Amino acid sequence: MTDTAAATSRKDWVSDQEVRWCPGCGDYSILAAMQLLLPELGAKRENTVFVSGIGCAARFPYYMNTYGMHSIHGRAPAIATGLALARPDLDVWVISGDGDALSIGGNHLIHALRRNVNFTILMFNNEIYGLTKGQFSPTSEVGKVTKSSPFGSLDTPFNPLSVALGAEASFVARTHDLDRKHIMEVFRRAYEHEGSAFVEIYQNCNVFNDGAFEKVSGKDVRAEMLIPLEHGRPIRFGSEGEHGIALRSDGTLEIVEVAAVGEDALLVHDETRENPGLAFQLSRIARGPYEPTPIGVFRDVSRPHYGALLEAQTAGISSKKGTGDLAALLRSGTTWTVS
Amino acid sequence: MSESVGHANGHKVQTLESVVIRFAGDSGDGMQVTGDRFTAESAVFGNDLATLPNFPAEIRAPAGTLPGVSAFQVQIAAYDILTPGDEPNVLVAMNPAALRTNVGDLAKGGTLIVNSDAFDDRSLEKAGYDSNPLADGTLAGYRIYEIPMTSLTLKACEPTGAKPRDAERSKNFFALGILSWLYNRPTDTTLDWIGARYGAKPLVVEANTLAFRAGYNFGETAELFDSSYKVPASELGPGEYTNITGNTALAWGLVAAAQLAGLTLFLGAYPITPASDLLHELAKQRHFGIVTFQAEDEIAGAGAALGASFGGALGVTTTSGPGIDLMSETIGLAVSLELPLVVVDVQRGGPSTGLPTKPEQSDLLLAMFGRHGEAPVPVVAPRTPGDCFAAAIEAARIALKYRTPVFLLSDGYLANGSEPWQVPDVASLPAIAVEFATSPNHADPDGTASFWPYVRDPATLARPWAVPGTPGLEHRVGGIEKADGSGNVSYDPDNHEKMTHLRAEKVAGIAADIPVVEVDDPDGAELLVLGWGSTYGAATAAVKRIRAREMSVAQAHLRHLNPMPPNLGELLGRYRRVLIPENNLGQLATLIRARYLVDAVTLSGLRGRPFRIGEIERAIADLLTVAAPEETGR
Numbered sequence: 023m024t025d026t027a028a029a030t031s032r033k034d035w036v037s038d039q040e041v042r043w044c045p046g047c048g049d050y051s052i053l054a055a056m057q058l059l060l061p062e063l064g065a066k067r068e069n070t071v072f073v074s075g076i077g078c079a080a081r082f083p084y085y086m087n088t089y090g091m092h093s094i095h096g097r098a099p100a101i102a103t104g105l106a107l108a109r110p111d112l113d114v115w116v117i118s119g120d121g122d123a124l125s126i127g128g129n130h131l132i133h134a135l136r137r138n139v140n141f142t143i144l145m146f147n148n149e150i151y152g153l154t155k156g157q158f159s160p161t162s163e164v165g166k167v168t169k170s171s172p173f174g175s176l177d178t179p180f181n182p183l184s185v186a187l188g189a190e191a192s193f194v195a196r197t198h199d200l201d202r203k204h205i206m207e208v209f210r211r212a213y214e215h216e217g218s219a220f221v222e223i224y225q226n227c228n229v230f231n232d233g234a235f236e237k238v239s240g241k242d243v244r245a246e247m248l249i250p251l252e253h254g255r256p257i258r259f260g261s262e263g264e265h266g267i268a269l270r271s272d273g274t275l276e277i278v279e280v281a282a283v284g285e286d287a288l289l290v291h292d293e294t295r296e297n298p299g300l301a302f303q304l305s306r307i308a309r310g311p312y313e314p315t316p317i318g319v320f321r322d323v324s325r326p327h328y329g330a331l332l333e334a335q336t337a338g339i340s341s342k343k344g345t346g347d348l349a350a351l352l353r354s355g356t357t358w359t360v361s
Numbered sequence: 004m005s006e007s008v009g010h011a012n013g014h015k016v017q018t019l020e021s022v023v024i025r026f027a028g029d030s031g032d033g034m035q036v037t038g039d040r041f042t043a044e045s046a047v048f049g050n051d052l053a054t055l056p057n058f059p060a061e062i063r064a065p066a067g068t069l070p071g072v073s074a075f076q077v078q079i080a081a082y083d084i085l086t087p088g089d090e091p092n093v094l095v096a097m098n099p100a101a102l103r104t105n106v107g108d109l110a111k112g113g114t115l116i117v118n119s120d121a122f123d124d125r126s127l128e129k130a131g132y133d134s135n136p137l138a139d140g141t142l143a144g145y146r147i148y149e150i151p152m153t154s155l156t157l158k159a160c161e162p163t164g165a166k167p168r169d170a171e172r173s174k175n176f177f178a179l180g181i182l183s184w185l186y187n188r189p190t191d192t193t194l195d196w197i198g199a200r201y202g203a204k205p206l207v208v209e210a211n212t213l214a215f216r217a218g219y220n221f222g223e224t225a226e227l228f229d230s231s232y233k234v235p236a237s238e239l240g241p242g243e244y245t246n247i248t249g250n251t252a253l254a255w256g257l258v259a260a261a262q263l264a265g266l267t268l269f270l271g272a273y274p275i276t277p278a279s280d281l282l283h284e285l286a287k288q289r290h291f292g293i294v295t296f297q298a299e300d301e302i303a304g305a306g307a308a309l310g311a312s313f314g315g316a317l318g319v320t321t322t323s324g325p326g327i328d329l330m331s332e333t334i335g336l337a338v339s340l341e342l343p344l345v346v347v348d349v350q351r352g353g354p355s356t357g358l359p360t361k362p363e364q365s366d367l368l369l370a371m372f373g374r375h376g377e378a379p380v381p382v383v384a385p386r387t388p389g390d391c392f393a394a395a396i397e398a399a400r401i402a403l404k405y406r407t408p409v410f411l412l413s414d415g416y417l418a419n420g421s422e423p424w425q426v427p428d429v430a431s432l433p434a435i436a437v438e439f440a441t442s443p444n445h446a447d448p449d450g451t452a453s454f455w456p457y458v459r460d461p462a463t464l465a466r467p468w469a470v471p472g473t474p475g476l477e478h479r480v481g482g483i484e485k486a487d488g489s490g491n492v493s494y495d496p497d498n499h500e501k502m503t504h505l506r507a508e509k510v511a512g513i514a515a516d517i518p519v520v521e522v523d524d525p526d527g528a529e530l531l532v533l534g535w536g537s538t539y540g541a542a543t544a545a546v547k548r549i550r551a552r553e554m555s556v557a558q559a560h561l562r563h564l565n566p567m568p569p570n571l572g573e574l575l576g577r578y579r580r581v582l583i584p585e586n587n588l589g590q591l592a593t594l595i596r597a598r599y600l601v602d603a604v605t606l607s608g609l610r611g612r613p614f615r616i617g618e619i620e621r622a623i624a625d626l627l628t629v630a631a632p633e634e635t636g637r
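So the sequences go chain by chain: A and B. In case it helps, the working numbering puts the first sequence at residues 23 to 361. In case it helps, the working numbering puts the second sequence at residues 4 to 637.
If we strip away everything but chain A, and leave its shape as in the complex, we get (with noise of 0.2 Å):
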């Protein structure tokens, strides 16, 4: 992927054109960490692709000075599936919304997961159609007024990672739009990772559903409202890390107090795990961005991706058959000669 590239500074990676939010908009956020990030991952422009489907997230790709496709509603997963198929020297990147990731393009998200196909998957969620102007999304909660919904919407949402995981997929992780830091380190991690990455970002549209994630990642109430996951160390949090997660012994999670029950009843997170069962229980275990939810790394488990997959079989094929020769195909079938 990324080999001696001449070192790049943010600059180079911004686009000439001109960024389209709305001003305070999360998505300034999220662009500006990663145009922080790939110079420091040392990664080339020429070899950088973002596709991105349709919705706001979905402009992203015009503001990188890399390669990029802004494409159809949902579709990014299959056409940059094909993209990363057919050239397994590149570092692709998936951007997509709520709405474009899990309404109209729900088949295509969880099929590319399952598969593992190499590339990164970076889901803004604002839980609300923002292009549209406003109507509830498959992440909003029961009971949304908006446009669509005035006497309150229906549907039971998504939980973005409970899919992703029930999906299949070998790297899950949440970060948000108000901790640049965060979401750096979150995103590394989905670069290095081999096969599919998918990441969540809580992403505040300030106009259609200001606040949506203020309970949870508000500067004033981040450190009792955020879970922050770190791999081989015991699940805590609080101010004074006075919060832990236990397992029950029905085999279901809890927040505890660490006076209560002692350290060493803590749940030692661990990406690894083969088995997601834990992973989405903590996926699970706030009910919305209400109460204390989980961030970080998921799951990161080690599987071979479709690519990789392809590329051997392909070889095993042409070592058993030798390169593929037009003329003796042609003649493959039974043939006669009239002369």
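If you're looking for bench data, these hints aren't it; they were derived computationally from the structure. Quick caveat, the model's predicted, so the values are computed rather than measured. For each residue, glycine too, the CB sits at the ideal point set by N, CA and C.
Here are some, though not all, of the chain B residues that point toward chain A, as calculated from beta-carbon distances under 7 Å:
no., residue
1, Glu243
2, Gly306
3, Pro474
With the hints as your guide, set chain B onto chain A.
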């Protein structure tokens, strides 16, 4: 048909110029295999031939019922034939349902060979017969041969020790044996094939071999037939031949196109009848460096192919009508991105699920116009099974040269039908030149060299193809309207009008890069028969018959439906009347009328099968005997 009579081994042998044979039985009776093997024997013998498989959409409809009947028709001939024949001269019916659904097509005085074991009360009832047609005289007028094929097969297979239930399954090879004797076919190919196909199951090899030999010997010794027949080898031009179906030829054409262009072939596809065999065939050829990706749906199949094209591969997707419906948005994106994409539509009867296993030509206007916005796409159509090879190369050539999606419109008849095909010399296939952009093509106001993705080649109007991995050419493309040249997002009204015209002109300009349409008009006819796609065989044969009746008719056939050949307007203007036979309600006629203001007459065929020669012949004759409309100075 009957020409001469001779004698061999004490048997009378009659020589025929051609014969049409239809094998019909239950879906589980193996009629496709039987027909396919008879075809292979005839191909190796050197006959010209054309086949028409006809099978139900259900994998196994209830045994013995009318919807469960599967049939395979083949015409073999000593001369150049163009169709699988209008009506069978010989019908092999393995059960009452097969007889009932097919006997109406049998030529007057034709030969009927039935498996008399299958005509029990229960089977007759399942087929809706009140009385046994073999006994009640309703089949008078046909030459009927009642042969107890099931019991003779069981007897032949006794030495294998196979259970009767299993041994009975070899009865199609018994039938094939009879027909192989009756038409003096070489048997080695079939025996070899049985060995290769069922090699892993020695019992099956033995049973099928015994049944096949028993059928052959039955023909020779039973003295049921007063004669056997010979159809001499056809005088095909010198060269090497293979018998090929349209789907195989099309898949091989795609393999060839990728090689000629020096690109990776990337197929994104979702299984659908009758296009799945394209995916199957290409999946076997991975050692050509082909990537075959079975996607989650047709949207993803087309999307992945387009993504691969963005990366510098030859992106291809293969499907049938319902898949095209799903791909419309992706094809529109490919129009906007101006990237190569070959979209193969193996047409079948519609609308909706329609007739999944039957051919139709009803997606022409879908290919032309089935996208929102002004989204012109070139359209190419093969005319015979073997022609699918060249048509696939042509579709890829246009896609790559003009950076555009291209429709390749095959259909279920071409896909599954077969004919002898002269194997081309690979070295003689013209290379497809593809050049990726490697350097900047624009100077910014401050003098910096930069890359503009929508600067066009003045001759082709194609934009540069700059693939990721090329330093300095980083750029973004998308479905939003782009500024001419820079490719940046633009909502400027003048720019949109200009870009819309440019995209249209690019596709229209391909007319200068395709052959003119040739007309076959030996004696200055007033009526032109114009066709496209798989109607070629029947139309050409009909034209021959009309001329044999000493009437004049001209014929032209279109490979390029969009753009149409540059001389077509002038050509149409030479004729007082134009007849267009199509397996739809008149879609090409609609285009011809709109483009050229020609009052074309449609002959419509929507019966889930190709036209019969006689149908087109009648339509031509009717038009020739009805006075043409008064010249109105059109």
